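Go ahead and model the full structure; you've got the sequences and the hints to work with.
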Amino acid sequence: MPFSQELFDSALALYQVSPETQANLKRAVSTAYYAIFHFLIEDACQNWTRSEQRFALARVFEHKRMADASSSRVAKHKNATGGSPEFHLYSVANAFCQIQQKRHQADYDLSSSFSATDVELDLRLVANAFASWNVIQNEQIAHDYLFSLLFKER
Amino acid sequence: MTLTKLTVANQDAMNSAVLQVAQDFSSRIAHIRTSFGEDSTDAPAIFFRVLVRDEFAPVDLLLPLAQRLTITLMNQVGTDEYGLRAYFDFRSVSEQQKLRDLDWD
Numbered sequence: 002m003p004f005s006q007e008l009f010d011s012a013l014a015l016y017q018v019s020p021e022t023q024a025n026l027k028r029a030v031s032t033a034y035y036a037i038f039h040f041l042i043e044d045a046c047q048n049w050t051r052s053e054q055r056f057a058l059a060r061v062f063e064h065k066r067m068a069d070a071s072s073s074r075v076a077k078h079k080n081a082t083g084g085s086p087e088f089h090l091y092s093v094a095n096a097f098c099q100i101q102q103k104r105h106q107a108d109y110d111l112s113s114s115f116s117a118t119d120v121e122l123d124l125r126l127v128a129n130a131f132a133s134w135n136v137i138q139n140e141q142i143a144h145d146y147l148f149s150l151l152f153k154e155r
Numbered sequence: 183m184t185l186t187k188l189t190v191a192n193q194d195a196m197n198s199a200v201l202q203v204a205q206d207f208s209s210r211i212a213h214i215r216t217s218f219g220e221d222s223t224d225a226p227a228i229f230f231r232v233l234v235r236d237e238f239a240p241v242d243l244l245l246p247l248a249q250r251l252t253i254t255l256m257n258q259v260g261t262d263e264y265g266l267r268a269y270f271d272f273r274s275v276s277e278q279q280k281l282r283d284l285d286w287d
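Order-wise, the sequence lines are chains A and B.
Under this note's numbering, the first residue of the first sequence carries the number 2, and numbering increases by one thereafter.
Under this note's numbering, the first residue of the second sequence carries the number 183, and numbering increases by one thereafter.
The hints are simulated quantities; they were obtained by calculation from the structure and are not laboratory data.
Bear in mind the structure is a predicted one, so any value in this text is a computation, not a measurement.
Check the hints yourself; a few may be wrong.
Unchecked claim - Selected chain A positions facing chain B (in silico; Cβ < 7 Å):
#1 Lys65
#2 Ala68
#3 Ser73
#4 Ser112
#5 Ser114
#6 Ser116
#7 Thr118
#8 Asp119
#9 Glu121
#10 Leu122
#11 Arg125
As the list claims (entries may be wrong) - Only pairs whose alpha carbons sit at most 25 Å apart, straight line, appear in this in silico SDA-like list of lysine to any residue:
#12 A/Lys77 <-> A/Ala57
#13 B/Lys280 <-> A/Ser31
#14 B/Lys280 <-> A/Gln17
#15 A/Lys77 <-> B/Thr252
#16 A/Lys79 <-> B/Ile211
#17 A/Lys153 <-> A/Gln17
#18 A/Lys79 <-> B/Ser198
#19 A/Lys79 <-> B/Lys280
#20 A/Lys65 <-> B/Lys280
#21 B/Lys280 <-> A/Arg28
#22 A/Lys79 <-> A/Asp69
#23 B/Lys280 <-> A/Lys153
#24 B/Lys280 <-> A/Thr22
#25 A/Lys77 <-> B/Gln202
#26 A/Lys77 <-> B/Thr223
#27 A/Lys65 <-> B/Thr216
#28 A/Lys79 <-> B/Ile253
#29 A/Lys65 <-> A/Ile137
#30 A/Lys79 <-> B/Asp224
#31 A/Lys77 <-> B/Asp287
#32 A/Lys79 <-> B/Ala195
#33 B/Lys280 <-> A/Leu111
#34 A/Lys65 <-> B/Arg231
#35 A/Lys79 <-> B/Arg210
#36 B/Lys280 <-> A/Leu13
Cβ atoms here follow ideal geometry from the backbone N, Cα and C, with glycine treated the same way.
In structure tokens form, the structure reads like this:
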């Protein structure tokens, strides 16, 4: 099982712990973020032909660069037709942006409180992002996005 | 456009757009609160807090509602035109009654 899927399963398990606590809700969000973070990096690194260098390459990805690239896709494709490759890319990029911000809040803002409704929605957004990625993973638009997660577009 | 370049008039226009969207979705949401700031990457951002009526809080109902509402808000408020990244939080009325966050009232 890919590491990103293990992380997502952990996020789901944390969400389902009873009784519900802020600690578990926040850890669920944080873990779900790392699931999509590593999911995208795993796929991006597959484009690097020298497999022995992929783990080192994975360390090069930065949260901010990935956020910038994703935000630009959200802005560009938010009104895409449902079911189109652009729509699926929007789903992926939007999930990444939303949950990255929530991860920051979960990990660093002790004054914030999370609701189970919002966390469940976030988990569903990430699950849908995985499904959308499976639809477009061989499309040029998807690989241009992966490239932009690592390299600034000019 | 950076956050510092947002004028009071810009913010009033955005707030009016938010109120209109909230009215359009009033059968499903109680209200929308907003705040301006910077996101985790220091980019200018607008944060939407959407209070959802309890009957629309189950995720199978909330997901399509959230998808429509978020795109409507980005389009109507013009977040991209103002150079703002948009972030969305949702909670139900009954959850807010328990959590009692002033930012959500």
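Evaluation of the provided hints:
no.	hint	in the structure
1	Lys65	4 Å, holds
2	Ala68	5 Å, holds
3	Ser73	10 Å, violated
4	Ser112	9 Å, violated
5	Ser114	5 Å, holds
6	Ser116	4 Å, holds
7	Thr118	5 Å, holds
8	Asp119	5 Å, holds
9	Glu121	5 Å, holds
10	Leu122	6 Å, holds
11	Arg125	6 Å, holds
12	A/Lys77 <-> A/Ala57	31 Å, violated
13	B/Lys280 <-> A/Ser31	23 Å, holds
14	B/Lys280 <-> A/Gln17	19 Å, holds
15	A/Lys77 <-> B/Thr252	15 Å, holds
16	A/Lys79 <-> B/Ile211	22 Å, holds
17	A/Lys153 <-> A/Gln17	38 Å, violated
18	A/Lys79 <-> B/Ser198	22 Å, holds
19	A/Lys79 <-> B/Lys280	34 Å, violated
20	A/Lys65 <-> B/Lys280	34 Å, violated
21	B/Lys280 <-> A/Arg28	21 Å, holds
22	A/Lys79 <-> A/Asp69	15 Å, holds
23	B/Lys280 <-> A/Lys153	44 Å, violated
24	B/Lys280 <-> A/Thr22	13 Å, holds
25	A/Lys77 <-> B/Gln202	24 Å, holds
26	A/Lys77 <-> B/Thr223	19 Å, holds
27	A/Lys65 <-> B/Thr216	24 Å, holds
28	A/Lys79 <-> B/Ile253	7 Å, holds
29	A/Lys65 <-> A/Ile137	24 Å, holds
30	A/Lys79 <-> B/Asp224	22 Å, holds
31	A/Lys77 <-> B/Asp287	33 Å, violated
32	A/Lys79 <-> B/Ala195	21 Å, holds
33	B/Lys280 <-> A/Leu111	18 Å, holds
34	A/Lys65 <-> B/Arg231	23 Å, holds
35	A/Lys79 <-> B/Arg210	22 Å, holds
36	B/Lys280 <-> A/Leu13	23 Å, holds
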